[in-house]
Amino acid sequence: MGNRIVTFSLNNPKRVMWFVAIMVVILAAMFPRIHVDTDPENMLPTDQSDRVVHNTLKKQFSLHDMIVVGVVNDTHADGIYNHNSLAAIHQLSSAIEQIDGVIREDLRSLATADNVTQEGAGTIRFEWMMNQAPKTQQAVSRIKEAVNHLPMLQNTLVSGDGKAAGIYVPIVEKDQSYRIAEQIREIITSLDSDDQFHITGLPIAEDTFGVEMFKQMAISAPLAGLVIFIMLWIFFRNLSLIIAPMLMAMAVVISTMGLLIGMGYTVHIMSSMIPIFLMPIAVVDSVHLLSEFADRYKPGKSPKQVVTEVMEHLFTPMLFTSVTSSIGFASLALTPIPPVQVFGIYTALGIALAFVLTVTFIPAYIALLSEKKLATLGSRLHEQESHGLLAKALPHVGDFSIHHARIILPLVIILFSVSVYGISKIQINDNPVYWFDEQHEIQVADRALNSHFAGTYNAFLVLTHESAESVIPTKQIEQWIQRAKKRGVDLTADWAAIQKRIETEQENPLEALNYELQVQLFNAEIDSLDYWQELADMVGTAITDRKYFQKPDALHYIESLQQALDESGYVGKSSAITDLVKTVYRELLGGDQQNYRIPTTSNAVAQTILSFQGSHRPQDLWHMVTPSYHSAAIWLQLNSGDNIDMTKVIQFVERYVEQNPLPDNVRMDWGGLTYINVVWQDEMVTGMVGSLIGAFLAVGLIMILLFRSVTFGLLAMIPLTVTITLIYGVIGFIGKDYDMPVAILSSLTLGLSVDFAIHFLERTRSLYKETGDWLEALKQMYQEPARAISRNAIVIAIGFTPLLLAPLTPYQTVGIFLAAIMAISCVVTFVALPAVIRLIHPWLK
Amino acid sequence: MNIKHTVIQRFNRVISRALLAVCTISLGMNAGAEDLDDVDQIVQKANLAAFYSGVDGRAETRMQIVDEQGRKQTRQFTILRRDHRDGGDQQYLVFFSYPADIRGTLFLVEKHPGNDDDRWLYLPGLDLVKRIAAGDKRTSFVGSDFFYEDVSGRGITEDHHHLVSTSDQFYVVQNRPKDSINVEFSEYTVWIDKQTFMPMKTEYTDNSGKIYRRVEALQVQIIQGFPTATRMKVSNLRTGGYTLNEMRFIHYDMGIPADLFSERSLRNPPRQWLKRPKPAN
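If you're matching them up, the sequences are chains A and B in order.
Our numbering puts the first residue of the first sequence at 1, with every later residue one more than the last.
Our numbering puts the first residue of the second sequence at 1, with every later residue one more than the last.
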């Protein structure tokens, strides 16, 4: 089968070329349809329960994703409390308000805040905190005093140390945050200010990543291609020949990405990495092919004949390495994370395509080369053969491994055990801000603002009271009708009419009844008015009773939870309806700190809130409690977006609720981007472990099938097992967080490190058939076959060093680990495999 | 007998509605008067028509606050008003009857056009009388989309007025604030009915040139000869939320005594004036 394909390609090279060209053109035509998706929220399926809850809460409390703009003044004695800084804040805040996509009503800064103060005895004053830049020192001091007096503003709008001020910019959609941030930067440059300005917040990190991701795709991937090209040149010294794998790699990358886009998938952070993963894997097979071809080709020989020979014994190992690599990636489809599934499946498809092109496109390409162009190939390579570094070193490696098998094996086992211990120390953590370089302005802003403020990361803890008491009190209404009848007022007909109007209302009949009663009351005739009023009062009281988060007891629960959170040190600050009620209540009672508490009755709470609703920003209330008062949200500001820190908060709350059970019928939910990040990370880690184990078993099975031998199958798994363990062991020891890119690398390791073993064992076995002696076979193995394997390892390892220059850390991680994977699996293959074979060869067949 | 009574009442209601319709039509046909071109005169007349009908007045109001998600909140209150002088100082007493948890809350306002108003608040749940000072009058009225200024009127000397156009139906007046720091708009345009001088629509423009807020008189009825906006709507065009204000049982020139509008009334609400008066027939 393999032979026929190769023969066909050799005989119809032009047709093959045309076919590939047309495929690439068609799929490349899909590129303009590209739709980028940088939203980590999409790491979860849209119907994932936490995500659904998160979005419901966002809607319920009119919460939006936020950009945080920070103004820092380290030089002035009073920090930002000086004319210039405040003027800049005012100017900046009013300019940001006007940007498209900014939710003006909810923008929070000193310039849009309302102030509640005492004005003489018995008078409370509501006014804008700073509706113009203060002109006198007195006005500046007044603002400072006011902020320090209002717990809702302190450490949110101005940092506790007074050195930084924040502008919280809610935006319509996360994917507009990069554009909005750019506009904000433009405004900042036009400001006449010596202060430092920073822009941060998760939406910015995420959206900026998307933008930079494209720059990376455009710079790093081609640069990696170039380096691979140079490496190939050094090994083969034949331009026409090495263009083939380069062209093929490009064809694979373009076709795969084109297919992905054409199928309507978004290019997510994950899938943006496909080109970088495909590039080395696509080149690997052709390096084997070209190595052998160069070795065997002598001027005068027919290139077609040589290709056919080479293919004869390379086809099977190449097919199997491709299958195993594909399986490694395809196993990602088992994780419950859509972008990871897409990444895995399309990378697997790309690998399959790379194999097909290796056995069709490359032979066709060679068939089209003139003998003249091939002429230089042999001589140079053969020259290198005897003098090259690889040629000199490799046989020594082989000798060493074979002769020191009894030392090597225990060493490998020790290394393996130590690595297992390292894995146990792995810390699972991620934070989109870390996807940027330490010097990147996003990380700089993140550090600067979170060192001053309560925190720029948001999470929401929502308590909901589920009450079943919304039934209409029919019995009481019967009595009420009877009472009226006795005094000569007949309400039966009117009541029947109301009943009819509300009978369809299933969800909240009491609320519907209330509405009808208000209408009735509004139009009632004078003689029945008192009766309707009585009923309306009865229903009204029932509804008020259901305003759960207006009750002092409910508020006290929230207050205690907040207090525990604030004292835990895990959160920078918590804000809730309680803070609002306590502040307004204190001001109503004269401003004394001793009155900073929750009023004792529900009505007092309601009236305190009503007083607040006479301010400039009554809408702030509905971010803390729903209009029905059935749900209340606690806004947590965290000064770290590390999943590990968010997890601590979650665990703390869980423990707290265990010790202080939620009130009856009260449910607790989490929301906020910082929380969502933890959710998808957890899903990803568990998912990855599943895929890894699945793929490992699948690859093991295939190895056994390939070699038609359990022993050889298991042997082939040795380098792979040692490499994965070692890589993750090192991650555990050096304290590198197990994050998204690291998780994905497990599949890459699986796919690539088995390749060397397949080639090594396959060739050793065929050499054994020729020689009938395992040790002799091993010795010969360290000639040409070992060189091909090492060339591959070197090409890929060095080929990806340009990734280290990327400003995005996931790319850096991939670069470093690719090199490490190549080096380690190559070394393990060369050192451990012969040692094992040496020890067990009497029993090998 | 009860049934008979209701029938008569219903009949009366039908008749009064018919009469009202006739009145409205006849007013509409009364379009003979010449157009005014003095913008100050137009604004003055509009101010009087909207806020100074009769010497005093009483109305029951239901306010429905609807947010951008369609969630509704209702507030009900009775307003008593007394003028010192047409176009000048006024007194207001606002008594809340619904929802139950704020029942008995009272506002007392001494309106001084062109100056800070004096405002008092009584909160029964705290048994507290509080004087409220505000930097401006553009704060929310009890959490609704109405501002204090929409309820009691904006001083006509606070803006520069400009008559933009005169159509068959409306005088269109554009207004720019003299003090732009204490208002959130950069200008607003009012459509004033040429016959009744009722402001029928007001649109507010922000500093980015967008119309973000609209106040509309959805229904105007003639009550005791005074055109009265009985249904009003304020829309927040940024969020899509709005507040609907409906007024019923409106009476003018009732002879409400001046001393009723005092701090004393806050703790002892004037029951007889808050109670719905018997129909005149």
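Hints in this document: simulated from the structure, not taken from any laboratory.
Certain hints may be false.
[Claimed, not checked] So the derived list for chain B, only partly shown, Cβ under 8 Å to chain A, looks like this: (1) Asp101; (2) Leu128; (3) Ile132; (4) Ala133; (5) Pro177; (6) Ile181.
[What the hints assert, rightly or not] No more than 25 Å apart at the CA atoms, straight line, and that leaves these computed lysine to any residue pairs for SDA-like: (7) B/Lys210 - A/Asp494; (8) A/Lys58 - A/Glu559; (9) B/Lys275 - A/Leu839; (10) B/Lys72 - A/Lys144; (11) A/Lys769 - A/Arg667; (12) B/Lys72 - A/Asp537; (13) A/Lys551 - B/Gly104; (14) A/Lys486 - B/Arg276; (15) B/Lys278 - A/Lys582; (16) B/Lys130 - A/Lys486; (17) A/Lys58 - A/Ile103; (18) A/Lys144 - B/Ala133; (19) B/Lys278 - A/Glu525; (20) A/Lys769 - A/Ser190; (21) A/Lys736 - A/Pro663; (22) B/Lys130 - A/Gly122; (23) A/Lys582 - B/Gly104.
Each residue gets a CB set at the ideal place from its N, CA and C atoms; glycine is no exception.
Next item on the list: Against the earlier hints, flag every one the structure doesn't satisfy and list their numbers going up.
Entry: 5, 7, 9, 10, 11, 15, 16, 20 and 21
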